[in-house]
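Going down the list, the sequences are from chains U and X.
Under full-length UniProt numbering, the first residue of the first sequence is numbered 1, with each subsequent residue one higher.
Under full-length UniProt numbering, the first residue of the second sequence is numbered 1, with each subsequent residue one higher.
Bear in mind the hints are in silico, worked out from the structure with no lab data behind them.
Honestly, I wouldn't trust all of these hints.
Below are the DSS-like pairs computed for lysine-lysine, each with C-alpha atoms no more than 30 Å apart in a straight line [unchecked claim]:
hint: 1; chain 1: X; residue 1: K164; chain 2: X; residue 2: K182
hint: 2; chain 1: X; residue 1: K73; chain 2: U; residue 2: K209
hint: 3; chain 1: X; residue 1: K164; chain 2: U; residue 2: K209
hint: 4; chain 1: X; residue 1: K141; chain 2: U; residue 2: K209
hint: 5; chain 1: X; residue 1: K73; chain 2: X; residue 2: K164
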Amino acid sequence: MLMRLISGDRPRSRILTLVLLAIFLGLLFAPFLFPGVRALETAARISIFILLAASYDLLLGYTGVVSFAHTMFFGMGAYGVGLASQHMGRGFGPLILGSLAAAVLAAALAFIIALFSLRVRAIFFAMITLAVASAVAVLVSQLSSITGGEDGFTFQIPRALGPANRMGEVMGVNITGKILNYYVVFFISLALFFVLLRIVNSPFGTVLKAIRENDFRAEAIGYRVVRYRTIATCISAAMAALAGSLFALWLRYVGPETTLSFEIMLDLLLMVVIGGMGTIWGAAIGATVMVLAQTYLQDLMGSAADATMAIPMLSRLLDPDRWLLWLGVLFILSVYFFPSGIVGRLRGGR
Amino acid sequence: MSDAILRIENVHTDIAQYHILHGVDLQVPRGAVTMLLGRNGVGKTTTLRTIIGHWPAREGRIVFDGDDITALKTSERARAGIGYVPEDMGIFSDLTVEENMVLAAASGPLDTGRRDRIFEAFPPLRTFWRSPAGTLSGGQKQMLSIARAMAEERRLFLIDEPTKGLAPAIVSTMAGALRDLKRQGASILLVEQNFAVAKALGDFAAVMDDGRIVWAGEMEQLATDAGLQERLMGLSMEAG
Numbered sequence: 001m002l003m004r005l006i007s008g009d010r011p012r013s014r015i016l017t018l019v020l021l022a023i024f025l026g027l028l029f030a031p032f033l034f035p036g037v038r039a040l041e042t043a044a045r046i047s048i049f050i051l052l053a054a055s056y057d058l059l060l061g062y063t064g065v066v067s068f069a070h071t072m073f074f075g076m077g078a079y080g081v082g083l084a085s086q087h088m089g090r091g092f093g094p095l096i097l098g099s100l101a102a103a104v105l106a107a108a109l110a111f112i113i114a115l116f117s118l119r120v121r122a123i124f125f126a127m128i129t130l131a132v133a134s135a136v137a138v139l140v141s142q143l144s145s146i147t148g149g150e151d152g153f154t155f156q157i158p159r160a161l162g163p164a165n166r167m168g169e170v171m172g173v174n175i176t177g178k179i180l181n182y183y184v185v186f187f188i189s190l191a192l193f194f195v196l197l198r199i200v201n202s203p204f205g206t207v208l209k210a211i212r213e214n215d216f217r218a219e220a221i222g223y224r225v226v227r228y229r230t231i232a233t234c235i236s237a238a239m240a241a242l243a244g245s246l247f248a249l250w251l252r253y254v255g256p257e258t259t260l261s262f263e264i265m266l267d268l269l270l271m272v273v274i275g276g277m278g279t280i281w282g283a284a285i286g287a288t289v290m291v292l293a294q295t296y297l298q299d300l301m302g303s304a305a306d307a308t309m310a311i312p313m314l315s316r317l318l319d320p321d322r323w324l325l326w327l328g329v330l331f332i333l334s335v336y337f338f339p340s341g342i343v344g345r346l347r348g349g350r
Numbered sequence: 001m002s003d004a005i006l007r008i009e010n011v012h013t014d015i016a017q018y019h020i021l022h023g024v025d026l027q028v029p030r031g032a033v034t035m036l037l038g039r040n041g042v043g044k045t046t047t048l049r050t051i052i053g054h055w056p057a058r059e060g061r062i063v064f065d066g067d068d069i070t071a072l073k074t075s076e077r078a079r080a081g082i083g084y085v086p087e088d089m090g091i092f093s094d095l096t097v098e099e100n101m102v103l104a105a106a107s108g109p110l111d112t113g114r115r116d117r118i119f120e121a122f123p124p125l126r127t128f129w130r131s132p133a134g135t136l137s138g139g140q141k142q143m144l145s146i147a148r149a150m151a152e153e154r155r156l157f158l159i160d161e162p163t164k165g166l167a168p169a170i171v172s173t174m175a176g177a178l179r180d181l182k183r184q185g186a187s188i189l190l191v192e193q194n195f196a197v198a199k200a201l202g203d204f205a206a207v208m209d210d211g212r213i214v215w216a217g218e219m220e221q222l223a224t225d226a227g228l229q230e231r232l233m234g235l236s237m238e239a240g
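Generate coordinates for the entire structure from the input sequences, incorporating the hints supplied.
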């Protein structure tokens, strides 16, 4: 049963299995293990970004296609849910309709971009996605009457998922709609993650890996490389849109800063590289490490700065305001010591 | 050579700004092994790559089994029945041996009877069936490379220097496998630098020089005429 769920893609390392199990159990029992709004917020973010990073890895790690438009598709999903809920009213119907419509639109847009740019060299695809993503971000800012511009907009979600919905107490924790919302986000992310695992371990995924290694050889066997790359791009875009829908559902807000910004794109790249490209498990680890670092590194550095007050220079270096610098250092070190990512390292590679 | 499975007519190929093939004319007979010979850098690999479509022919025609395939994409040529084995052991090293073989059977599942025949020809592939192809030795990689082309019915095999850089024991395994392929009636266009192998396997030969075919005929004629070998390639077949 478990092997079928993970499509036979064993972690192939005891430590990796334990780490993945810890992430899974930590997220599954997050509301009970880590009380507080901030912890739940972090757990929801990790769930969503695992899905988003895994969908990006399908493109970057499995197909060898570099795209800078992944957050655009993520944003499409978020705006899809936001706009549907805003115009059709509070309810599950608008959430489902908005999510599905955005996923279909994202796949269609990815198809058009791929059609025009995947026939040429990969670098053109990267440049075109960068241009389209920038154009969409500007468009969203300009169309303020529809999108709320730079400020974005809030919207209402079903009452059942709101914090005011109180459903009793379990193990000393008040079960509210917010926790229910968390589990909606968690289980849908998990289900879509398994779908991605299924895809990369299917014959289709094997062809993608072959194309990544040498597209001419794959073509010489009889595979239409452009068609496979296009399908992978569309699946990846649709999955990113669904992740965006979950993010909007969780935040009850959409705005360019939280869904379309280039910073998120860079974070995604880091998640995939740190975790290990070409392994969906790597996306899970990379996303977890990055979100935890973004959330708690400042706190950790604050404590370290206090503890090293006696050495003013070190204390200043560890000032929480310098957290981005240390995140950069951590990234450089991880790439240097784990060129094949954390998963590659744990599996016994370099 | 009236029953040719492949006809190349006045093919010119450029790679970037370099004009490599200067009007190649070649016929590959059905059910026979044709050796493509010549010194290094005369255009043998480019000829194979032009046939499979990696480099487009600027001029001329490539006719495969009666159909003009000059304008077809590489994948379409492969699906038409041309199996290509590149000189650089063109395997997918990230994939397992099994995945390489399953992938090679592009038009359907890998036939078990065919798989067993491949195991018979190349026993190490059975041993390392579940291992990543990247961990195989050079000889085993070359076996996999040829086995991949045999994974499904092909009407023509293009094989580029299958024995290049291999140990003598492996060369004899490779030659044995190619002989089996020949016995099954396969049509093969084979680039080979090892003249002993060329002589043992070839039914016909074509010699290239400076991007052109300068001689074509029966292998036996070339193998027994030391003067012809000397004139065409500056080499003696006996030396191999």
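If you check each hint against the structure, which ones fail? none
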